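Number of protein chains: 2
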Amino acid sequence: MDEDTGALPPKHQFSEWYNDILWRAEIMDVRYPVKGLYVWYPYGFAIRKNVYQQLRNLLDRDHQEALFPLLIPEQEFMKEAEHIKGFEDEVYWVTHGGTTPLDVKLALRPTSETAIYPMYALWIRSHADLPLKIYQIVNTFRYETKHTRPLIRLREITSFKEAHTVHATWEEANKQVEDAINRYQEFYDGLCIPVLISRRPDWDKFPGADYTIAVDTIMPDGRSLQIGTVHHLGDHFSKTFAIQYEDKNGEQQFAHQTCYGISERSIAALISLHGDDKGLILPPIIAPIQMVIVPIMIGNRHEDVIKSAKDLENELLKMGFRTKLDTREIRPGAKYYWWELRGVPLRLELGPRDIDSGKVMAVKRTGEKVALERSDIKAGINRILAEISNVMRQNAKEHLKNRLCTVKSIEGLNAALNEGKVAVVHWCDERMCGDALEERSNATILGTDVKSAYIPRTNGECIICGKKGKVTLVGRAY
Amino acid sequence: MDEDTGALPPKHQFSEWYNDILWRAEIMDVRYPVKGLYVWYPYGFAIRKNVYQQLRNLLDRDHQEALFPLLIPEQEFMKEAEHIKGFEDEVYWVTHGGTTPLDVKLALRPTSETAIYPMYALWIRSHADLPLKIYQIVNTFRYETKHTRPLIRLREITSFKEAHTVHATWEEANKQVEDAINRYQEFYDGLCIPVLISRRPDWDKFPGADYTIAVDTIMPDGRSLQIGTVHHLGDHFSKTFAIQYEDKNGEQQFAHQTCYGISERSIAALISLHGDDKGLILPPIIAPIQMVIVPIMIGNRHEDVIKSAKDLENELLKMGFRTKLDTREIRPGAKYYWWELRGVPLRLELGPRDIDSGKVMAVKRTGEKVALERSDIKAGINRILAEISNVMRQNAKEHLKNRLCTVKSIEGLNAALNEGKVAVVHWCDERMCGDALEERSNATILGTDVKSAYIPRTNGECIICGKKGKVTLVGRAY
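As you go down the protein sequences, you meet chains A and B in turn. Residues in the first sequence are numbered consecutively from 36, following our numbering. Residues in the second sequence are numbered consecutively from 36, following our numbering.
Derived by calculation from the structure, the hints in this document are not laboratory data. Incorrect hints may have been included.
Said to hold, decoys possible - Okay, the calculated bits of chain A under chain B, using three or more residues with CB under 8 Å as the criterion:
1) 56-69
2) 88-101
3) 130-139
Because the structure is a prediction, the values reported are computed rather than measured. The C-beta atom is built at its ideal place from N, Cα and C for all residues, glycine as well.
Model the full assembly from the supplied sequences, consistent with the hints where possible.
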């Protein structure tokens, strides 16, 4: 919706590329007149819809979607001591209705534990009500004082999927944590995004949790991006909010809980990991337009070509492919540029010669041009879309692998970080060494208990004190 | 999720029935600890999802979905004088981020004109950018001081679909108003809800609009419920927000705009118009569960019946019917009661005799039991679902017709209103007579220029002054 002036910066200038692609590909408009709030353009919103549909498909297997209010009364919000400490600096407060001061201040949810759990206390009576697995997709708010960035650090997180489960025992909640991690890996695998799973250090866990497992990926500039978290809440919140159930022996027990969330950072990762110098590259399963048909007008067979292209479009639409026919009166090259920028995974070219020979030329956004049989177009396209997904997944995995570096010393650690890598070190798990490590590297301990195909579980000496240490990820994080 | 104690009040005690059905059928929980904020149970949320999917399907034909921020800075919100006057008493204000007072107060959107139109001013440059048709589905907020009521009068409207269109001329915007009204009628026809279309009196139009067309229905207690509005905004907002385009002659022109919205009141109407003494009745297109299979265990063919029921369930699911098999170990009667309460449109009973004779017994939620051929189940079910929709639509139309009453005098008007009717009068369209009419009837002028199959356009004398008047709807409104 803006004039297309100048060119997209090259991807290796990542920060400039990222800012530019958002408006050039019509994902987000950053010109909204409040810091940290952004507008989803229709095209960006269509991507968001498809991404969150994937998430819904995964959760709807055994979760239920619900919806809780945005506004949390101060007294509920202030009930859990750890939780308040974690959020009090960044909560927006509603203090007035019209010109009238409110009796009770209302917080805009930064996350919904304190909105949901008073209701869970009413809903749960007996062991037969457990497990309870509910999620919602909502807008949440953080008064960020740091530098804000679209899709990454926002004051209105427009698309927070948060699940909240309740279980009889700590162990059952623990199993749910495992299950949620697997589900998140499946989700990101669908988006062709490789992830690193690790356990956040204790000082960095969710306020009020027993422990936090994080899902990170590595951005093109080598900084890590947290794109999901799973928290074991133990019985902290159930004790605060009186979430109790009657067990089989008729005795009242406190429940055990987990919660886990994914925000529009999933889309930041999607854009950043797959894009290239030409623009976005979208995985076929989430692309709002999976294929664009560009009619090639040569000679005097204009009408013939348009008719064939329309027939092809209708056929593909009927097969369920999200297809767009581009009949604008501009050069084919300009069309290629336009759709490549927007990440459409497949371009189909159709000219007089193709029509005569019963072919359709298919050009993958990931490179490579092949001729498809017109008479067997469905199979051909299904094959080629699968190939595109595979290449995207493979490229992203390569990137991740190349961005990991095992180091043995603080000097090596700093060198790796400065080269834009996430470092694999050993650390003794003690806070004092952790603080020293972070201070001396100007980086963050992402976590221990790492789950990744690229990082073997090894023994080694703590990079600070030399005592026995475990594999630990260290990175400069967004 | 609550114990099922006592019975649903009869429908003719509408207010009690409405409050009760919301929790008994697990639509909404009203126990959230802030007045006017409610929680969507999963079952209610599933209904909401299907209803809004219908709305999306209608709009996606030629609108685009986008998403704009919730928070509107004070200076933008205060730009349009009429608009402010209309909303200033009911806007929630965010004044603090953490413990820091904000430099600029932020309004929680009561509606999004002032969030969207500054962006439109950036997006629209030329006549080629028009028409622009965008919608979003969001939460909006009103600090209601009147009695709040779930789905009807809320402080957080969780499900506001608002469309905002931009056109070159006043006439084109006027056509869009027509189009939106037709679209809304189609939407409500899909929900089997008959509506009354009328033009709100000038003093009751949207703040900042040229005129407002309203979509009302009549609730079981005879009070009218506004379930949609369409506004012609003229160029008021485009002049305030500088939404200009270059016309074909290269000259700058102010654009013309419309906006139109539907909220979760659509679901209040759905529940209220179709339900009966037994509970909800949901139209098949939006029912989260369209049919429940109840296996009838008689004699010793338990396994046989369960297997047949499972086969039937799988077959129906594959055909795309939203089907549920109820194998709980409770009496069939208890199952009937359970699913009737939740409004499932069709119950399929399957016992040994049915299996032997190749039949499935189908019981419509609207009454009537018929045997379907097991071998031709798809056609049978499609037919019966269509019959259910037709009966629902017909019943609702009858209700609406019976709730309308033409009157000629203030005494007749009061009598009709007291009997729970919406009255059809003639009125001269003058404010002074309008005020007198409303005062002397303790009711509201819903509108003129009425579009309804049940109300002929007639000439008559103004019920107050006796001068020439037009057909006017008068009701006691929610």
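To see whether the hints hold, each was checked on the structure:
| no. | hint | result |
| --- | --- | --- |
| 1 | 56-69 | holds (count 5) |
| 2 | 88-101 | holds (count 3) |
| 3 | 130-139 | holds (count 7) |
When each numbered hint is compared with the structure, no violation occurs for any of them.
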